[in-house]
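Using the hints, build the complex out of the two chains.
Chains as they are written, first to last, in the working numbering: chain A, 1 to 113; chain B, 1001 to 1112.
Please note that the accuracy of each hint is not assured.
As the list claims (entries may be wrong) - To give an idea of the chain B side of the interface with chain A (calculated C-beta under 8 angstroms), a few residues:
1. Ser1048
2. Gly1089
3. Tyr1092
4. Met1094
5. Leu1101
6. Phe1103
Just so you know, these hints were derived from the structure itself, not from any lab. Built from N, CA and C at the ideal position, the CB exists for glycine as well.
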Amino acid sequence: QIQLVQSGPELKKPGESVKISCKASGYTFTDYAMNWVKQAPGNGLKWMGWINTQTGKPTYADDFKQRFVFSLETSASTAYLQINNLNIEDTATYFCTRPTDYWGQGVMVTVSS
Amino acid sequence: DVVLTQTPPTLLATIGQSVSISCRSSQSLLHSNGNTYLNWLLQRTGQSPQPLIYLVSKLESGVPNRFSGSGSGTDFTLKISGVEAEDLGVYYCMQFTHYPLTFGSGTKLEIK
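Chain B extracted, bound-state conformation (with noise of 0.2 angstroms):
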């Protein structure tokens, strides 16, 4: 199975700083298709998980453009431009390249 180890496991920062998550695949994520699946959720405390970024980089509807994702292959990274109370909660990133489906272990965004 695909591993996705996501750094850091934990995440401090205050309103309005920049942050990163790192999320590295234990293969590569590029389809024979030319396609790389590679998505981004953000699960709050007692809620379900929400769809952030899917294809590495695009966004999904509704989220603000504060978040960026970027990378290829086996690295990939989330952004978030100018962090916002409601971004905290677990952020995942997911693969579906190769069966099985497979989720990174979780960053946890926690405000300052």
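Excised from the complex, chain A in its bound form (with noise of 0.2 angstroms):
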């Protein structure tokens, strides 16, 4: 069956990078998309952006311009969130998702000092 599956939660200093990954399986991995969604504590869900699985071309919606790195292994049907400098605001779950079908379990990343 098809899965997105995370990596586990991360606990890191203001500053710091995280570098969270998202590993698919039960389908072609190109042949989809990938996008990312970030849900603060309480909040509701914001679109990120998406990766073309096929070229590797990212696409970040502007709050995410700065900071935020998608990547691929392609080998390896996996796709990856880089954000680097970490800040307080960063805090939030982030789900990786076919967000018209399948999502992740999501990676809790906690920011503090």
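Shown next as structure tokens:
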């Protein structure tokens, strides 16, 4: 069956970086774009952008054009989200998703001094 | 960006009651190709969102038929005909007719 399995929770300090993974299985990885969605504690869902899994070209929503990097390891059917220079407002759960049908379980990233 | 306004923000229902959630868009969601890309999702506490309905009214596989979607243009509705305990959580509408993809603010369904 189709699954998107994400890496585990992260605790980071302000200014550090984090890289979270999303491993896809059960389908051909390059047939579907991978999207990323942020959910701050107690808040709703915010679309961060997507990456073309055939070309590797990322597209970032306006609020995520600085410090955020989408990447791929196609041979491993894995997508990555890296966040650089973390700040307190980055504390959130991050989902990888094919938003119309499949979602990862989410990764809680906590930024605290 | 397209703003999706959901009402009510919170819904308190008894088991068996029928309820409706509204999602109003700041722009028409009718795409030039004739499709309307308005979906509904349910996020249970501590879980990732689960797609329920796509293209306004089509049920995802495995979703009970007590869920139904309707609407067009800028006004959309999710109806649950006979709420069950497992239906509690936060419901979101989502559009991707227009870039960027946007979500509604959510409606929390609580069971009395």
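Problem - chain A contact restraint on glycine 1089/B - CB to CB distance below 8 angstroms - result: violated (13 angstroms)
Exercise for the section: Have a go at the phenylalanine 1103/B hint: is there a Cβ in chain A nearer than 8 angstroms to its own Cβ? Expected result: holds (4 angstroms)
Practice task
Classify the hint on methionine 1094/B as holds or violated, based on whether any CB of chain A lies nearer than 8 angstroms to its CB.
Solution key: holds (7 angstroms)
Practice task
Classify the hint on serine 1048/B as holds or violated, based on whether any CB of chain A lies nearer than 8 angstroms to its CB.
Solution key: holds (4 angstroms)
Exercise for the section: Against chain A, run the beta carbon of tyrosine 1092/B and see if the smallest gap drops under 8 angstroms. Expected result: Holds, because the Cβ-Cβ distance from tyrosine 1092/B to chain A comes to roughly 6 angstroms (cut-off 8 angstroms).
Exercise for the section: Closer than 8 angstroms between Cβ atoms is the bar; does leucine 1101/B clear it against chain A? Give me holds or violated. Expected result: Holds, because the Cβ-Cβ distance from leucine 1101/B to chain A comes to roughly 4 angstroms (cut-off 8 angstroms).
Going down the numbered hints, you'll see the structure goes against just number 2.
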